[in-house]
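Colleague: Listed below are the residues making up each chain.
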Amino acid sequence: MLEITIRVEDLSAWYGNIKVLKSIKLSVASNSVTAIIGPSGCGKTTFVRCINRLHELNTSARIEGKIFLNGSDIYEMDAMKVRREIGMVFQKPNPFPTMTVAGNVLAGYTLNGIKLRKEEADEIVENTLKKAALWDEVKDKLNLPGTELSGGQQQRLCIARAIAVKPKVLLFDEPCSALDPVATGKIEDLIRELKTQYTIIIVTHNMQQAARVSDFTAFLMLGELIEFDRTEKIFTNPSNKLTEDYITGRFG
Amino acid sequence: MKARKIKNITMTFVISLFAGICLLPLFLVLYYLLKNGLSSLNLEFFINNPKPFGETGGGMANAIAGSFIVVGLASIIGIPIGLFTGIFLTEYKNSKLSDIVRLLSEVLQGLPSIVIGIIAFSWIVKKMGHFSALSGAIALSFMMIPIIARSTEEVLLLVPDSLKEASLALGAPKWRTMFSIILKTASSGVIGGVLSSIARVAGETAPLLFTAFGNRFFSTNILKPMSVLTLQIFDYARSPYDELHKQAWAGAIVLVLIVLLISLLSRVFVRKLSKGVK
Amino acid sequence: MRIGKFYSSDNIYSFILYLFGLFLILLVIGIFSELVINSFPSIKAFHFSFIFKGVWDPARNEFGALPFIFGTLITSFLAILISTPLALGTAILLDEYLSGAFSNIISSLIELLSAIPSVVYGLWGIFVLVPVIRSFEQFLYLHLSFIPFFNSPPYGVGILSAVLILCIMIIPYTVSVSKEVLKLVPSDQKEAGYALGATKWEVISKIKIPYVRSGIFAGIGLSLGRALGETMAVTMVIGNRNAIPKTLFDPANTLASVIANEFSEATSSLHISSLIELGLLLFIITFIVNFIIRIILRRISFKK
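Protein chains in written order, with my numbering: chain A, 746 to 997; chain B, 133 to 410; chain C, 25 to 328.
Be a bit skeptical, because a hint or two may be false.
Stated by the list, open to error - Chain C stretches covered by chain B per the calculated footprint, using a threshold of three residues with CB under 8 Å from any CB of chain B: (1) 65-75; (2) 131-140; (3) 150-160.
The hints are simulated quantities; they were obtained by calculation from the structure and are not laboratory data.
Every residue, glycine too, gets a C-beta built ideally from N, C-alpha and C.
Given the sequences, and given the hints that come with them, work out the whole structure.
Modeller: Put into C-alpha cells, the structure is as follows:
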C-alpha cells in the first residue's frame, strides 16, 4: 500500500462565477512524480495553485472541498505554513533580480525573517545547488544577480530556491515550456533524482515529457478528472475513451 | 494638386514658426536670468542675511537655509504617507475603496496650491497663533502626498506578478513580499518619483505665503516664521529697491539650479528603473 | 467560501494600509469642509449674489466674486486658446519633422520650461515682459485710442501680460503629452495615408491628429487645470485691481491672485471669510473642470 502525501477530496474551484474545477478526487503517493496533463484551459494550473493556496490570491477565487497534506487539512492551516511545506516552480523562470544567485537560494529563509549564520548559509547554498545540479556551473557566480544566468540555469536556480526550505512537496507548473531541449533534458533528469526526497506534481502540456518523467498521470479535461492511474497504463492502455483520444492526438 | 502642395509647404513653415515661438520664451527667461542675476551672485549672497532696506551687501543665507529646512521637513512628513498610500493603492488595486482613494488623490493633486495654503493656515497657524515653518512644511507635504502616491503605484505595478507569486510561494507574508521584493525591485523608480515631488514643492511659493510667511532674520526654529527662497524672491521683486531686485534675480538663479538639479536626479533614477525591470 | 487562517503580521499590514487610505479620504473631505465652514460668515452675508456681484471693497465690507471669477476664466481660456496651436505645432514638429537626437534635445529643453518655478516666471514677467507690453500698449494708445478697445491707460500689467505668461507656463504640458501620444500612432496608419498620395501635412492633420484626439485633449485638460490654479506669476503681472477688466490691457485679479494679495493683511473676519469663499469657489471650479474633462475623455476614447 503506497503512502499518500496529498489527498484531494471533492475539490471544486471558481473564478467568480466560472467553475474551473469540478469535484476532483485523487491521492498523490509519497516520493513519486505525478503528472497532470490535459488540453489548454482544462484547469491543470488552477489545480496545482489550489494545492499551495496561490489560487486564493485572486479576489474572485473560491474553492470547495478539502486538500490534505499528510493528514492535515491545508485550509485549516496558516497559508504561509502550507506554502513552506509545498513549494512551487513556475512556468517562466523568475529569480529575484535584486538578489544574487546565493541570495536567491536563501530567499526562502530571508523572506521568512529567518537569520542564518554565515557558515550555515554557505552550507545551505552549496548543498542545495548541488542537489539542483547547478553547483558546478555557478559556484564562481554566486554573487552575480540571479537574472544573469541562462534560462535553463535560472530555472534550476528557482528549483534550488524551492528546495532550500526543505518542503515536503514540489509543484512544477510547466517548468520547461520556456526552455530549449537541452535545458529541458537537464530538468527532467533533476526531477527524477529529486523524487527520492520530495513528492512531486508536474503540470505539463507535453505528453512525451509526462511519459518520460512521471510514475502516475492524471488527465484533466474541462475541469474534470477523467482518469488517474499509473503512467504506463495511461499511455499504453487507457480506460477512458477521452483519455485515449487525447493521448493519440485526436484533440488538444 | 498644386494647391495641396502649397498648403503642405505653408503648414511646414507655420509649424516651424510655432515651435520657434514656443522655445523663444525659454531662451529669453534664461538669458535675462543670467544677465540680471549673475552679477549679484557672489559669496556675500550666500553667507549674508538681508540688510535693512536699501543697504547694499545683503544676502539670502537665511532664505536658502530656510528652503532646505522647510522642504526637508515637508519630505519627512510627506514621503512616508505618500509611499504607504501608494502601497495601499497597489495592494488593493481592484477594490472600491482604492478607487475612491485614487480619485480623491487626483482631486488633491489638482487643488491650487494657494488653497492648500489657506487650509494649513486654518488648521495650524490659527491654532498656534502665529506663522511657522512647520505649517509651511505641512502645506507642502499635502502637495507631495498625492504625487508620490500616484508615481509609487505606477512604478510598483510595473513589477511582474511572477515575482510576487514566487515570493508568496516560498511562504513569505504579504508585507515582506512588498518590501523585500516588489519595492526593492522598483526602488529606483520609487526614488525618482519622490525626487520629482521634492523638485515640485521646492519651487512653490503660494502655500507658504501665509504659513511660513518669511523672516528677515536667520532662523532654524520650525515653530517660528521662516524665510524661504521662493518667498524672498517674491518679496524682493515687489519691493521698490533696485538692490533688492538684483538679489531677487540672483536668488532666482539659485532656485532654478536647485530645482533643475533635483529634477535631473529624478530623471536619472527613473531611467535606471526601465533598465532594471525587464 | 472557505478561507484558511491568516498570519497575524499580514493582518497588521492590511490594517496599517487601510489607515493610510482612510487618512487620504479624511484629508480631502476635511479640506473641503474646512473651506465651507470658514466661508459660512461670507455665505450668510451675501448668499448667492456673491457669485454675481462685481464689487470687492474691503473698506466698506462689500465683497463680490465676479471680478475674480471673470479674471480666472478669461485668463485661463485665452491662455489655452493661444497656447494650444503653438504647443500642438511644436509637438508635431518634434514628432514628424525633426530627427531623434535633435528632437530629444528640444524636448528636454521644453521640459526644462516646466520645471522653472512660478515665482521666477513672475520675476521675469515684472522686469522683462511687462515693460515690453507697456511700450506696446503705449504705442496703441498713442495711435489708436479712438478705438474703445485700446482706450486704456498703458500700465503694462494686466490681462494681456497674465495671459502671455500663462501661455509660456502651460505650453510644456500640452507639448509633452501631445508628443507622447503622437509617437504612439502605428506607422501603418501613416503609410496607408502616404500610399494614397497624401501630402505630409494631410497625413498629420487627417490621420495622426484625429487618431490621438483624446490624448491631445487630455494634455489641454492638464494645462487648463494648471492655468486655473496658477498664482504667483499671475499675481505679479496682472495688476491687482479688484474690478472686472473691460479691455485686454486692463489690470485685473484672478481668484488665486487676490487671495495671495490680500490674505495676510485681511483685517475684518468678513474679509477673511470672503477670501476663503473665493478659495472654495476655486476648488469647485477646478474640480468641475477636471470632472468635465474626464467625462469628455471617456466619451472620446469610448467612440474609438
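Colleague: Hint by hint, which ones does this structure get wrong, listed from lowest number up?
Modeller: The structure breaks only hint 1.
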